[in-house]
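There are 2 protein chains.
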Amino acid sequence: MKIRRADRLVDMTHYLLEHPRELVSLNFFAERYETAKSSISEDLAIVRRVYKTRGTGDLKTYPGAAGGVYYTPLMGQEEAEEFVKGICEAVSDESRVLPGGYVYLSDLLGRPDVLRATGRLLTTQYANQEIDAVMTAATKGIPLAQAVANELNVPFVIVRDDAKVTEGSMISVNYLTGSSKRVEKMALSKRSLRSGARVLIVDDFMKAGGTVQGMQTLVREFGGEVVGTAVFAEGRSNVRLIEDYTSLLHIDTSLDGSSSIKVSDGNYLERIYKK
Amino acid sequence: MKIRRADRLVDMTHYLLEHPRELVSLNFFAERYETAKSSISEDLAIVRRVYKTRGTGDLKTYPGAAGGVYYTPLMGQEEAEEFVKGICEAVSDESRVLPGGYVYLSDLLGRPDVLRATGRLLTTQYANQEIDAVMTAATKGIPLAQAVANELNVPFVIVRDDAKVTEGSMISVNYLTGSSKRVEKMALSKRSLRSGARVLIVDDFMKAGGTVQGMQTLVREFGGEVVGTAVFAEGRSNVRLIEDYTSLLHIDTSLDGSSSIKVSDGNYLERIYKK
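Residue numbers (full-length UniProt numbering), protein chains in the order written: chain A, 1 to 275; chain B, 1 to 275.
Hint data in this document are derived by calculation from the structure and do not stem from the laboratory.
It should be emphasised that the depicted structure is a prediction, and the values quoted were computed from it without experimental measurement.
Please note that the accuracy of each hint is not assured.
Identical chains blur together in the list; that is why a pair holds if it fits in one copy or across any two.
In silico DMTMM-like links for lysine to aspartate or glutamate, alpha-carbon gap of 25 Å or less [what the hints assert, rightly or not]:
1. LYS2 - ASP58
2. LYS60 - GLU18
3. LYS185 - GLU22
4. LYS164 - ASP252
5. LYS37 - ASP7
6. LYS262 - GLU94
7. LYS164 - ASP256
8. LYS185 - ASP161
9. LYS2 - GLU42
10. LYS190 - ASP256
11. LYS181 - GLU34
12. LYS85 - ASP107
13. LYS190 - ASP58
14. LYS181 - ASP244
15. LYS181 - GLU94
16. LYS52 - GLU18
17. LYS164 - ASP107
18. LYS164 - GLU184
19. LYS164 - GLU94
20. LYS262 - GLU89
21. LYS181 - ASP162
22. LYS185 - ASP162
Using the sequences and the hints, build the whole thing.
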């Protein structure tokens, strides 16, 4: 049964949102809706126009037999600035400061709306780059990694600080925590990453960057390549073990037991939208 | 500027997908598109028709000044059966069996497509129930909890086996692991759950159910109420500490070192679609 344009647009929007960064052939839609490819092209032009106006994504159409449509989720500058501003305000709250200058962020990193927006924002930087997997360290990085992987439509893998019976053979590396100079260990299941994989590293919080550096080593141990490193928040640190990263927030707390907290933009907005 | 129906349908579909189980007033859409509410109602009828045909969700419209539209993600029986069958086949693989009869599932639980579908499937059972939060135990339950919370549009909270410096004050409980009869401890940040919260417990794998029982105790310690318990897979167990749960898969492996594995449907499909 031929399906009307209005119905096609609803279904197509839904379908593309669930299949980001994946080439969908026009034939697939033509068969799904029993409709000529020329009509499908017109439909896609409408979807593209709406996404462009809202700044929420880009739709590219590739002609030819092997062609199709490719949807890339994006966040426009205005929405990005507003989102980061909102997060800054939510974090600038003295009741979040814990003994030792740690900051409570688990509520934000457990909110689907925050995670969805963060995922779309962090993938904007990698709109034109091929990524095969997202890597993070257990426990608090997981929700972010999943949110980013969801927009990239690639798997995410979880690095752990111990070997677990449910992970099978693991490859482990030692790394130096940047702040306290302790030697720690992290491990990843051997079967979770293939050789040659292009990996995006994601984490919730970075101080000196020891954990991130450990993950970079681990990617290389697997014969993979680090495409980039994105963290939700960076803290104050005297040493910085890695140079090439982006952060949404910069959080500054004191170690002297006071609950003062200063939150400002990280380097993400500057790096992505203003270059 | 007035916006055309075709464009409205694309944007509205996108908007509703990002705001499930939330009452959106018709005025909101009327203002967003500078369009009469009567046209918005016609748009929504189209969206409802498509979702109903595909079995991917339900759209309810409530009339009146305080009314609006409410989108509930669902998975129809046919899609659910096909999905569970696919997962069963993927898990029925002797190379997944690890020493001790454990089963490697981390690849599936790191795939956005599997997680999205699992989230939509598991929330179908709770289409008409109020849920305030999803709870899971670190580490492997987190991706599932996030996927379910995303469809329910509520926060998820992570129970841990130790107190972390980034979680602030925590409430802990002791619990008995069902299989080995050891006493373990689990803890949740005090600020992560409000009193009276209606909580859905989600986990990746359940044997005797000790962890789930511990989480039930924890919910009660917070003055909350357990709405239900949903696990991805249940394993064979001589004891079963909890009765009321649903599982997508039943996985049977042997403890004698052989790598045989038997995977069948859990009780979910039977409970939800065939009663």
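Unmet hints by their number, sorted upward, for this structure: Hints 3, 11, 13 and 15 are the ones this structure does not satisfy, whereas the remaining hints hold.
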